[in-house]
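Enquirer: This is what each chain is made of:
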Amino acid sequence: MQLKDNKHIGIGFRKDFSEEFLASDVLKPAFIELAPENWIGMGGYWKKQLDKAAEKYPITCHGLSLSIGSPDDLDLDFLHKIKKFIKQYNVQIYSEHLSYAKCDNAHLYDLLPIPFRKDAVKHIISRIKQVQDVLEMPLALENVSYYTPVAAEMDEATFISEIVNGSGCNMLLDVNNVYVNSFNHKYNAKEFITKLPLDKVSYIHMAGHEQISDTVIIDTHGEAVIDQVFDLFEYTTGLLKPVPVLLERDFNIPELKELQGEITRMETIVSKTWKKEHAIA
Amino acid sequence: MPLLKEDTHAQQSKLAHYCKTGIKPDLIGVIEENLHHYRRLVFNIGIDTIETAYPITYRFLPDEIWDKLVYDYYAEHKCKTPQVWRMPLEFYEYCVEKDIQSKLNMPFLNDLLHFEWLELEVHTMDDMTYPSFTTKGDWLNSPLALNPEHRLVKFTYPVHILAATELEGKAGDYFLLMYREKESGKVQCMDISILYAYILEQLQNGITLQAILTEADTLFQINDFEMLKEHALNFINDLKQREFIPGLLNT
Numbered sequence: 002m003q004l005k006d007n008k009h010i011g012i013g014f015r016k017d018f019s020e021e022f023l024a025s026d027v028l029k030p031a032f033i034e035l036a037p038e039n040w041i042g043m044g045g046y047w048k049k050q051l052d053k054a055a056e057k058y059p060i061t062c063h064g065l066s067l068s069i070g071s072p073d074d075l076d077l078d079f080l081h082k083i084k085k086f087i088k089q090y091n092v093q094i095y096s097e098h099l100s101y102a103k104c105d106n107a108h109l110y111d112l113l114p115i116p117f118r119k120d121a122v123k124h125i126i127s128r129i130k131q132v133q134d135v136l137e138m139p140l141a142l143e144n145v146s147y148y149t150p151v152a153a154e155m156d157e158a159t160f161i162s163e164i165v166n167g168s169g170c171n172m173l174l175d176v177n178n179v180y181v182n183s184f185n186h187k188y189n190a191k192e193f194i195t196k197l198p199l200d201k202v203s204y205i206h207m208a209g210h211e212q213i214s215d216t217v218i219i220d221t222h223g224e225a226v227i228d229q230v231f232d233l234f235e236y237t238t239g240l241l242k243p244v245p246v247l248l249e250r251d252f253n254i255p256e257l258k259e260l261q262g263e264i265t266r267m268e269t270i271v272s273k274t275w276k277k278e279h280a281i282a
Numbered sequence: 463m464p465l466l467k468e469d470t471h472a473q474q475s476k477l478a479h480y481c482k483t484g485i486k487p488d489l490i491g492v493i494e495e496n497l498h499h500y501r502r503l504v505f506n507i508g509i510d511t512i513e514t515a516y517p518i519t520y521r522f523l524p525d526e527i528w529d530k531l532v533y534d535y536y537a538e539h540k541c542k543t544p545q546v547w548r549m550p551l552e553f554y555e556y557c558v559e560k561d562i563q564s565k566l567n568m569p570f571l572n573d574l575l576h577f578e579w580l581e582l583e584v585h586t587m588d589d590m591t592y593p594s595f596t597t598k599g600d601w602l603n604s605p606l607a608l609n610p611e612h613r614l615v616k617f618t619y620p621v622h623i624l625a626a627t628e629l630e631g632k633a634g635d636y637f638l639l640m641y642r643e644k645e646s647g648k649v650q651c652m653d654i655s656i657l658y659a660y661i662l663e664q665l666q667n668g669i670t671l672q673a674i675l676t677e678a679d680t681l682f683q684i685n686d687f688e689m690l691k692e693h694a695l696n697f698i699n700d701l702k703q704r705e706f707i708p709g710l711l712n713t
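The listed protein sequences correspond, in order, to chains A and B.
Residue 74 in the working numbering sits at position 73 of the first sequence, with consecutive numbering throughout.
Residue 691 in the working numbering sits at position 229 of the second sequence, with consecutive numbering throughout.
What the hints contain is simulated information worked out from the structure, not anything from laboratory work.
Model, not experiment: these values are computed from the prediction.
From the three backbone atoms N, C-alpha and C, an ideal C-beta is built for every residue, glycine too.
Wrong hints could be hidden among the right ones.
What the hints assert, rightly or not - Now the in silico label distances, taken between C-beta atoms and shown as ranges: (1) A/Lys273 to B/Lys467: 44 to 54 Å; (2) B/Pro524 to A/Gly169: 18 to 28 Å; (3) B/Ser646 to A/Gln3: 56 to 66 Å; (4) A/Asn106 to B/Lys560: 14 to 24 Å.
Unchecked claim - In silico lysine to aspartate or glutamate, EDC-like type, Cα no more than 20 Å apart, as pairs: (5) A/Lys85 to B/Asp588; (6) A/Lys48 to B/Glu581; (7) B/Lys542 to A/Asp78; (8) B/Lys467 to A/Asp78; (9) B/Lys542 to A/Asp156; (10) A/Lys82 to B/Asp589; (11) B/Lys530 to B/Glu555; (12) A/Lys49 to B/Asp589; (13) A/Lys119 to B/Glu468; (14) A/Lys49 to B/Asp588; (15) B/Lys560 to B/Asp589; (16) A/Lys49 to B/Glu468; (17) A/Lys57 to A/Asp17; (18) B/Lys540 to A/Asp215; (19) B/Lys644 to A/Asp52.
Claimed, not checked - Going by beta-carbon spacing under 8 Å, a handful of chain B positions derived as facing chain A: (20) Lys467; (21) Gln474; (22) Leu489; (23) Val492; (24) Ile493; (25) Gln545; (26) Leu582; (27) Thr586; (28) Met587; (29) Thr591; (30) Ser594; (31) Phe595.
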């Protein structure tokens with residue numbers, strides 16, 4: 002994927018700040034990421050904003066409703082709409098969540114934890130292959146944050162690895178989610194990362210979160226990235242080949258210069274760990 | 463043979479059902495004290511989406527009625543669209559299907575929800591191809607080109623004119639033209655009479671103004687063609703100025 006100005010860090014493109022973002026050069030992302038669900042079939046003002054953004058920046062897509070872990074059948078009609086959107090905007094990376102958001106024919110619009118079980122692994126591998134066949138491109142799946150396991154029969158790292166290795170999909174490594182899960186489920190974040198299929202990581206997410214009690218962090222995307230997550234990011238990038246990195250900020254949007262500050266900090270980190278890389282495969 | 467075992471499916475269904483209803487599930491190996499975060503997160507997304515789509519209805523209905531309505535909707539309805547911003551349409555359809563307006567003795571509720579949904583729909587709907595047109599020609603005897611990004615709707619209550627608190631007892635026939643400006647993308651509303659609604663409907667069908675007015679003169683028992691023509695041309699000129707009618711259809 003060819004990134005703007007040979008940088009690595011992108012920003013989630015949100016309607017909340019799209020006007021200011023497109024009218025100024027305060028934010029200097031290498032690319033923008035958007036959820037196709039929020040734009041497919043949308044015309045008028047927002048379509049114009051999207052087209053303006055697409056003229057200036059490469060686009061990656063991060064889906065919300067594919068529901069790869071759902072017991073329900075895949076929504077092929079929806080998948081074909083995504084494919085059309087991906088082609089229309091020359092999207093090079095399409096990622097989704099290793100979770101489910103639809104069950105028993107009802108969309109829930111949030112990410113529920115899949116039971117870490119062998120049969121779920123097989124079920125998901127089959128669905129990933131189906132998705133990749135339709136899209137004719139690899140899917141990148143994100144490790145999600147979760148607040149409780151459900152009916153688990155294996156650990157999270159094994160579950161992710163078996164799915165990624167068994168399906169041939171790529172992995173979107175969400176560093177903040179690793180941090181959140183390591184706090185909520187009391188494991189060592191760095192050890193966890195080393196257990197993942199790091200050779201399959203094609204994309205990284207970074208975000209802020211909110212600690213709501215002594216034992217629980219909620220993955221809100223509504224706060225600045227904390228120092229501990231930056232540290233984990235630096236550690237992680239040292240284990241990986243260069244890949245695009247995305248700063249997610251969905252709520253409580255600050256001044257754009259603050260977001261640029263976070264982007265600059267990440268760019269500084271990767272410029273040390275990924276020296277003299279100019280293009281990302 | 464399904465790869466997913468029934469028991470795993472059942473665990474997923476129970477969690478999803480809990481998120482929809484708030485009724486505590488019997489799940490294996492969960493952190494009980496954290497389960498409520500899923501219900502809260504799922505429900506908040508639904509509530510926020512619906513309240514953003516229907517701000518007038520949300521402000522008008524007493525909190526306890528609104529909360530119960532949204533709770534029942536989320537518990538009973540299976541949201542079909544994968545696009546959360548389209549989900550409020552299903553909320554409106556749910557209210558119509560369940561005849562909530564009769565249950566609440568608010569006979570204007572369906573119209574109010576429909577009006578609020580239309581604003582969202584017209585603002586966001588996919589771009590449509592404008593017809594090819596010219597600005598020179600016989601405006602009375604040529605089919606006119608219309609902005610295709612519009613809705614022409616009949617209401618029983620004037621929800622597009624009056625505040626929700628003023629709607630009681632105002633049942634009648636009301637017509638709304640709602641359209642999206644091509645350049646700005648802004649949504650505009652026009653309250654129009656039944657006669658103008660008829661004219662617009664016929665124009666949509668490609669019928670010329672002359673033919674429409676000839677028919678309308680009899681249909682509406684006006685019996686004064688010249689006066690009708692004058693009024694109709696004023697209406698058409700207004701729509702031209704608004705660029706809703708950009709010109710004559712190229713045939």
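Enquirer: So, for every hint listed, does it hold in this structure?
Expert: Structure-based check of all given hints:
1. Evaluation of the 44 to 54 Å hint for A/Lys273 and B/Lys467 yields a pass: the beta carbon distance comes to about 47 Å.
2. Range check, B/Pro524 to A/Gly169: Cβ separation about 55 Å, and the 18 to 28 Å hint is violated.
3. A C-beta distance of roughly 34 Å is found between B/Ser646 and A/Gln3, which places it outside the suggested range of 56 to 66 Å.
4. Look at A/Asn106 against B/Lys560: about 19 Å separates their beta carbons, and that is inside 14 to 24 Å.
5. Restraint check: the Cα-Cα separation between A/Lys85 and B/Asp588 comes to about 14 Å, which is no more than 20 Å; the hinted pair holds.
6. Taken as a hint, the A/Lys48 and B/Glu581 pair is honoured in the structure, with Cα atoms around 16 Å apart against an allowance of 20 Å.
7. At most 20 Å may separate the alpha-carbon atoms for a hinted pair to count; B/Lys542 and A/Asp78 meet this at roughly 12 Å.
8. Simply put, B/Lys467 and A/Asp78 have alpha-carbon atoms about 26 Å apart, too far for the 20 Å limit, and the pair is violated.
9. Distance hint between B/Lys542 and A/Asp156 is unfulfilled; the C-alpha atoms sit about 32 Å from each other, more than 20 Å.
10. For a cut-off of 20 Å, the pair hint linking A/Lys82 to B/Asp589 stands: about 16 Å separates their Cα positions.
11. Proximity of B/Lys530 to B/Glu555 is assessed by CA-CA distance (about 17 Å); at most 20 Å being required, the pair is judged to hold.
12. Distance check on the hinted pair: A/Lys49 and B/Asp589 sit about 10 Å apart at the alpha-carbon level, within 20 Å; holds.
13. Simply put, A/Lys119 and B/Glu468 have alpha-carbon atoms about 13 Å apart, close enough for the 20 Å limit, and the pair holds.
14. A C-alpha spacing of about 11 Å is found between A/Lys49 and B/Asp588, which places the hinted pair at or below 20 Å, so the restraint holds.
15. Taken as a hint, the B/Lys560 and B/Asp589 pair is broken in the structure, with Cα atoms around 32 Å apart against an allowance of 20 Å.
16. The straight-line distance between the Cα atoms of A/Lys49 and B/Glu468 is roughly 46 Å, outside the 20 Å bound, and the hint therefore fails.
17. Pair hint A/Lys57 plus A/Asp17 holds up; C-alpha atoms about 18 Å apart against a cutoff of 20 Å.
18. Restraint check for B/Lys540 and A/Asp215: not satisfied, since their Cα atoms lie roughly 35 Å apart, outside the 20 Å limit.
19. Restraint check: the Cα-Cα separation between B/Lys644 and A/Asp52 comes to about 15 Å, which is no more than 20 Å; the hinted pair holds.
20. Because the closest C-beta pair between B/Lys467 and chain A is about 4 Å apart, less than 8 Å, the hint holds.
21. Checking B/Gln474 against chain A: minimum C-beta separation of about 5 Å stays under 8 Å; hint holds.
22. With a least beta-carbon distance of about 6 Å to chain A, the hint placing B/Leu489 at the interface is held under the 8 Å criterion.
23. Interface hint status for B/Val492: upheld, as the beta-carbon distance to the closest one in chain A is roughly 4 Å, under 8 Å.
24. Of the supplied interface hints, the one on B/Ile493 holds, with its beta-carbon coming within about 4 Å of a beta-carbon of chain A, less than 8 Å.
25. Look at B/Gln545: its Cβ gets to within about 5 Å of chain A, closer than 8 Å, so that hint holds up.
26. At a threshold of 8 Å, the smallest CB-CB gap from B/Leu582 to chain A is about 11 Å, leaving the interface hint violated.
27. Proximity of B/Thr586 to chain A holds as hinted, the smallest CB-CB distance being about 5 Å (cut-off 8 Å).
28. Evaluation of the B/Met587 hint against chain A yields a held restraint, the C-beta minimum of about 6 Å falling below 8 Å.
29. For B/Thr591, the shortest C-beta to C-beta distance to chain A is roughly 11 Å, which exceeds 8 Å, and the interface hint is violated.
30. The restraint placing B/Ser594 at the interface with chain A is violated, with a minimum CB-CB distance near 19 Å, outside the 8 Å limit.
31. Nearest Cβ of chain A to the Cβ of B/Phe595: about 20 Å, over the 8 Å cut. The hint is violated.
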